[in-house]
Amino acid sequence: MNGVADTCMDGIVLTGAPLAASLEREFEQRLADSSRLAFRVALGVLRHREDAEDVAQEAFVRAYRNFHRLRDRDRFRAWLARITWRLAIDRLRAAGRRARYEESAATERTAAGASELAQPSVEQMEASREFQRRLDAAVDELPEKLRAVVLLAAIEGHDIHEVARLLEIPEGTVKSRLHRARKQLAEKLP
Amino acid sequence: MSCARCREWILEAALSPDSDEYESALRPELRAHLADCAGCRELLARERALAGRIGAVLRARVAAEPSAAFVAGIRERIAAEPAATPLFGRWQPALAGAMVVMIAVAVWFTAPERVTIPPPPPTESATAVSVPEIAREGNRRRVRERPLQTAPELWAEVIIEPREREGMRWLHAALQTRASRIAAVLAGPGATVEDPLRPLGFPDLQVAPVEIAPMQSGSEAAGGKSQSLEE
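Going down the list, the protein sequences come from chains A and B.
The numbers in the numbering used here rise by one with no breaks, and the one at position 51 of the first sequence is 51.
The numbers in the numbering used here rise by one with no breaks, and the one at position 226 of the second sequence is 1226.
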């Protein structure tokens, strides 16, 4: 990872300073700690594995380019989550993507969802798939702030405190947004 | 406690973010009501099930693991980043200055220009031609020559409606004929007049089409139809 440019967030190259060796090591550590987070944030938005990996990898590249600018290294996960979220939203808005996600999501996650939701009878699988489809659509229709809270809270091991830390907002705000989001979701489900 | 009030609490409790709050949200009054009301117990169970399903689907949505090649792919991409070359390098200030100069020059040359047309110089033919004039001196009359003062050589542009154009052509042709005759008389018998109209200042009539956008409103104007005065 030598000789990589320093860029600002929109990708315009500003200077050519490579990361120092100590920063390289630190970034390696962050990469090991946060790769799953970036992937899951992207997956929550995109619902498509390959695209989620692509977006998460791009987010890491951008984070690497600007890593030396991040003064508070403890904010790395929040910073990375926001970069990933932004890239995933942009990708989702690209033309013609949504239909593809709708199709792939149903087939990809049926097994995972069904194991937690119901017994695998044909009717229940079908009902589960329909419920999942409706919920996915309802989540996609949520305002961005509410969607971010819902999806980050759904990631394994994330509690209110962690979501607040990642979004850098008060815990009370997370709770109220989560409540509003779930209320909106429940209203759209059978 | 009424079932309506209880229902509000149940819905609030079911929507609580985590299980601890979920349990604590069940107030003592609610618990007492639930003990006696089968309908509200059923509602609570239903809402809990719905909240559970929502949570399960959301967790499933983000539960997948990245592939084994994911992290390696990140390293690969970072390694493939091009070496840092600042935009235009050290020539950036010079290029910026050159662009400013180019823009200034472009603005200078493309700015609207005010054109002043000086009046035409007097032509020799205007002073060389004289016309006969009868002058009275007491009871006697005498013919004398008076230099012809021609009108300044000006071109007039007149917008004429199509229905009046033929009339203007006829008028111009008549004036031309008269002017030719007058010029021939002034030149004397047997003389040739190269430009009989010049002394009297009758230029040729030139008809050019004029595009005038009619005054329209709304959708008509958007259509952009224009009316030509030229037939």
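Read the hints as simulated data drawn from the structure, not as lab findings.
Just so you know, not all the hints are guaranteed correct.
[As the list claims (entries may be wrong)] What follows is a set of in silico ranges between Cβ atoms, one per label pair, in the way DEER data are often shown: (1) B:1096 - A:71: 27 to 33 Å; (2) A:134 - B:1045: 44 to 50 Å; (3) A:86 - B:1105: 39 to 45 Å; (4) A:144 - B:1101: 30 to 36 Å; (5) A:73 - B:1038: 52 to 58 Å; (6) B:1031 - A:68: 31 to 37 Å.
[Unchecked claim] Only part of the chain B face toward chain A is listed, based on derived beta-carbon distances under 8 Å: (7) 1042; (8) 1043; (9) 1053; (10) 1074; (11) 1181; (12) 1184.
[Said to hold, decoys possible] Residues from chain A that keep clear of chain B, each with C-beta distances beyond 10 Å, as calculated: (13) 26; (14) 32; (15) 156; (16) 169.
Values in this document were obtained by computation on a predicted structure and should not be read as measured data.
Where a beta carbon is used, it is the ideal one built from N, C-alpha and C, also for glycine.
Cross-check of the supplied hints:
1. B:1096 - A:71: 27 to 33 Å: holds (30 Å)
2. A:134 - B:1045: 44 to 50 Å: Violated - the Cβ-Cβ distance for residue 134 (chain A) and residue 1045 (chain B), about 21 Å, lies outside 44 to 50 Å.
3. A:86 - B:1105: 39 to 45 Å: holds (41 Å)
4. A:144 - B:1101: 30 to 36 Å: violated (45 Å)
5. A:73 - B:1038: 52 to 58 Å: The hint (52 to 58 Å, Cβ to Cβ) holds, given that residue 73 (chain A) and residue 1038 (chain B) are roughly 56 Å apart.
6. B:1031 - A:68: 31 to 37 Å: violated (57 Å)
7. 1042: Violated. Min distance 16 Å.
8. 1043: violated (13 Å)
9. 1053: holds (6 Å)
10. 1074: Hint holds; residue 1074 (chain B) Cβ to chain A Cβ min 4 Å, cut 8 Å.
11. 1181: For residue 1181 (chain B), the interface hint is violated, since the closest Cβ of chain A sits about 79 Å away, which is over 8 Å.
12. 1184: Violated. Min distance 81 Å.
13. 26: holds (14 Å)
14. 32: Nearest chain B Cβ is 8 Å from residue 32 (chain A), so the label is violated.
15. 156: violated (7 Å)
16. 169: holds (14 Å)
Violation of the numbered hints given earlier is confined to hints 2, 4, 6, 7, 8, 11, 12, 14, 15; the remaining hints are satisfied by the structure.
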